[in-house]
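Turn these sequences into a full structure, and let the hints guide you.
Going down the list, the sequences are from chains A and B. Position in the first sequence (from 1) plus 912 gives the number in the numbering used here. Position in the second sequence (from 1) plus 67 gives the number in the numbering used here.
It should be emphasised that the hints constitute simulated quantities derived from the structure, not laboratory data. Some clues are possibly wrong.
Stated by the list, open to error - Label-pair restraints from in silico Cβ distances:
| # | chain 1 | residue 1 | chain 2 | residue 2 | range |
| --- | --- | --- | --- | --- | --- |
| 1 | A | F981 | B | S79 | 42 to 52 Å |
| 2 | B | I129 | A | L1027 | 20 to 30 Å |
| 3 | B | K109 | A | T925 | 19 to 29 Å |
| 4 | B | Q81 | A | F981 | 44 to 54 Å |
| 5 | B | S95 | A | Q1013 | 20 to 30 Å |
| 6 | A | Q929 | B | T136 | 31 to 41 Å |
| 7 | B | Q148 | A | K969 | 34 to 44 Å |
We treat Cβ as the ideally placed atom computed from N, Cα and C, and that holds for glycine.
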Amino acid sequence: DSGVTQTPKHLITATGQRVTLRCSPRSGDLSVYWYQQSLDQGLQFLIQYYNGEERAKGNILERFSAQQFPDLHSELNLSSLELGDSALYFCASSPRPGYGQETQYFGPGTRLLVL
Amino acid sequence: GENVEQHPSTLSVQEGDSAVIKCTYSDSASNYFPWYKQELGKGPQLIIDIRSNVGEKKDQRIAVTLNKTAKHFSLHITETQPEDSAVYFCAAKGPPYNNNDMRFGAGTRLTVKP
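Here it is as structure tokens:
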């Protein structure tokens, strides 16, 4: 158990809908990362937040957005869902990236199925 | 930005044999190289990591080596066991002034046959 929690574990929805995935980082970790993993694919970096502010952006679609709240939990919002958005979405957290504490600890993931 | 290549994509070994997975990276400023193990239906789990000021690191049956000049690093698993079967990912991260996020390799599916 990494200490990172994600909810829900599974999510089934229809095309065109909007969903919100939630992540609570490890206690004391300031940075949160979101990744997408499609079937038999690698980990695609989406976005990083550090202490409430966006730090880095990867291959995140405009239909997707995220935020990190004052209590450091994060939410990933996926809208106008398409079949191709079906994937595993992972959240990871790290203590203080850039200060020698950049190890990322992954949550168990949210499996999203768009029908 | 950083680009990480990982080989092989699949690896099958007999129990007790060694397994080696290799990765190359493109950004010479990258300074942190973790390895993750992902079992079916679970999130990636950190198994070992190495920083650019170190050439080799060991933890029981697992070791990682880093060649900064050639920009490649490798994971070595000795005396493999069936429970080592999983997908392994390497990653590379640069310093903050480069604003480098963590870049992952495509993964290696390791199968250890009893």
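Subject >> 20 to 30 Å as the expected CB spacing between Q1013(A) and S95(B), which holds or is violated >> reply: holds (22 Å)
**OP:** Could you tell me whether the CB distance from K109(B) to T925(A) stays inside 19 to 29 Å?
**Re:** holds (23 Å)
**OP:** Take the C-beta atom of Q81(B) and the C-beta atom of F981(A), compute their distance, and say whether it sits inside 44 to 54 Å.
**Re:** holds (50 Å)
Original post:
Given a hinted range of 31 to 41 Å, is it respected by the beta-carbon distance of Q929(A) and T136(B)?
Top reply: violated (51 Å)
Original post:
Does the Cβ pair I129(B), L1027(A) satisfy 20 to 30 Å?
Top reply: The hint (20 to 30 Å, Cβ to Cβ) is violated, given that I129(B) and L1027(A) are roughly 41 Å apart.
**OP:** Please test the hint of 34 to 44 Å on the beta carbon pair from Q148(B) and K969(A).
**Re:** 40 Å Cβ-Cβ, so the 34 to 44 Å window holds.
**OP:** For F981(A) and S79(B), compare the CB-CB distance with the range 42 to 52 Å and indicate the outcome.
**Re:** The hinted range 42 to 52 Å holds for F981(A) and S79(B), with Cβ atoms some 45 Å apart.
Checked against the numbered hints given earlier, this structure breaks hints 2, 6; the rest are met.
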